[in-house]
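S.K.: Sequence:
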Amino acid sequence: MKKIVLMGNPNVGKSVVFSRLTGADVIASNYPGTTVDFSKGKMRIDGKKVEIIDAPGTYSLEPTNKAEEVAAKMFKDADVVINVVDATNLERNLYLTLELLEKDKPIIIALNLWDEAKHLGIHIDVEELERMLGVPVVPTVAITGEGIKTLVSRIKEAKSPDHIKPTSDEARWIEIGSIIKKIERVEHRHHSIADRIADATIKPFTGIPVAAVIILFSFWIVRLIGENLIAYVFDPFFYGWYKPIMLQLSNLLGSGFLHDIVIGQLINGDIDFMQSMGLLTTGLYVPIGAVLPYIIAFYFILSLLEDSGYLPRLSTLVDNVFHKLGMHGHGIISVFLGLGCNVPGALATRTLETRKQRFISATLLAIAVPCMAQTAMVFGALGKYGIKYIIMVFLTLGILYITMGLVLNKLVKGESPEIFLEIPPYHRPSLIAVTKKTWMRIRWFLKDAIPFLFLGVFIV
265 MKKIVLMGNP NVGKSVVFSR LTGADVIASN YPGTTVDFSK GKMRIDGKKV EIIDAPGTYS
325 LEPTNKAEEV AAKMFKDADV VINVVDATNL ERNLYLTLEL LEKDKPIIIA LNLWDEAKHL
385 GIHIDVEELE RMLGVPVVPT VAITGEGIKT LVSRIKEAKS PDHIKPTSDE ARWIEIGSII
445 KKIERVEHRH HSIADRIADA TIKPFTGIPV AAVIILFSFW IVRLIGENLI AYVFDPFFYG
505 WYKPIMLQLS NLLGSGFLHD IVIGQLINGD IDFMQSMGLL TTGLYVPIGA VLPYIIAFYF
565 ILSLLEDSGY LPRLSTLVDN VFHKLGMHGH GIISVFLGLG CNVPGALATR TLETRKQRFI
625 SATLLAIAVP CMAQTAMVFG ALGKYGIKYI IMVFLTLGIL YITMGLVLNK LVKGESPEIF
685 LEIPPYHRPS LIAVTKKTWM RIRWFLKDAI PFLFLGVFIV
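FYI, in the working numbering the residues of the sequence shown are 265 to 724.
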């Protein structure tokens, strides 16, 4: 089966292009021997099934971290490469493009964010760019699907140009300058309200209050969605449809060891999904009926924040604080993932460069970052008394996180290097991409986390 790999810089819309190409047929996995995750799916081109792989974002084929190393290996295994390029920042993106073109691989370029480029007053001569690079160039707006059909129809035209040969970094930048001068024209425009908002979210004076509002609002939305899913979807299913079946099974089994394992204890002659402690009662209800609704809500909101471009700004905003805790701004990503489930949160610490950073991040995650299962229990136990008690719990955990971080930074030897992070422009999230990303994370929870919860109920 032919393998088509999507490659590009971070935050250029690769995942949205991938979603448009593959539809619902998507598998999320880790690259062998690493914790770097990627997505792969299938589609048909001219009646033939091909595999589509969304490689991790990279700035160069000369890797500086594990994710870029994986991307470089995926490139070597590719039959065809779709280079997704940000039309709003063509000069920076073309460095990777030239590196790709220097290799003997068929290449086609998706000039993505075409609508944003026009909005910013950037005019690109696509025909001239295609002539100069020697490969097909297709303008796309992945979020709306514009240009995707043309991209698919032209994949068979992908080729490796003969006139671009391996060269030095300096020569590449000179070539990029020459290309930009010939194909790009920028009209002057005034600073928009959106630009002012983008600037405000990375300045501490305005960014910290905005971050606090966004985080509090996000958790309010998570609670609202989770509670409504429980009230109108999961509880009606468990109490209206599932419970009568379990009661019949209880009568069939009668009292005894097997009944205690499968159904658990009857509370006042009835099944109590929170207290019966049977595998098919509490064992299913707690992870599915009580925790999963909040997991769904949390990962949906997290995907929105990711695809909107806010998380890189949050990383930059908290960088100074996290340096005092022995990490840098990327540490906030493991916190956010850990709030959903501690396992992906712990895996995310691998993106931190030094052993000291990874140790501190993982330790704080285990001590002071509640997973969504624990958060759901907090909501369930304290929600009826008002939100102030829930806020007190998370405020206490926040103070513990900071205090422990300050202590560990002093005690643990090692370095905490500076963060070098590109801040992308804000994007309107694609509902398709957000839904797929949410589903992939939920599927991981169903596959890997629920068995442990099931085992815990069995042991109890």
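Bear in mind the hints are in silico, worked out from the structure with no lab data behind them.
Treat the hints loosely; a few may be bogus.
Taking lysine-lysine pairs in the DSSO-like style, the calculated list, with each CA pair at most 27 Å apart, reads [what the hints assert, rightly or not]:
{"#": "1", "residue 1": "Lys674", "residue 2": "Lys711"}
{"#": "2", "residue 1": "Lys340", "residue 2": "Lys266"}
{"#": "3", "residue 1": "Lys420", "residue 2": "Lys304"}
Everything numeric in this text was worked out from a predicted model, so none of it was measured.
S.K.: Could you run down the list of hints and mark each one as holding or not?
M.R.: Structure-based check of each hint:
1. Lys674 - Lys711: It is violated: about 39 Å lies between the C-alpha atoms, which goes past 27 Å.
2. Lys340 - Lys266: This hinted pair holds, its Cα atoms lying about 13 Å apart.
3. Lys420 - Lys304: 20 Å, holds
Going down the numbered hints, you'll see the structure goes against just number 1.
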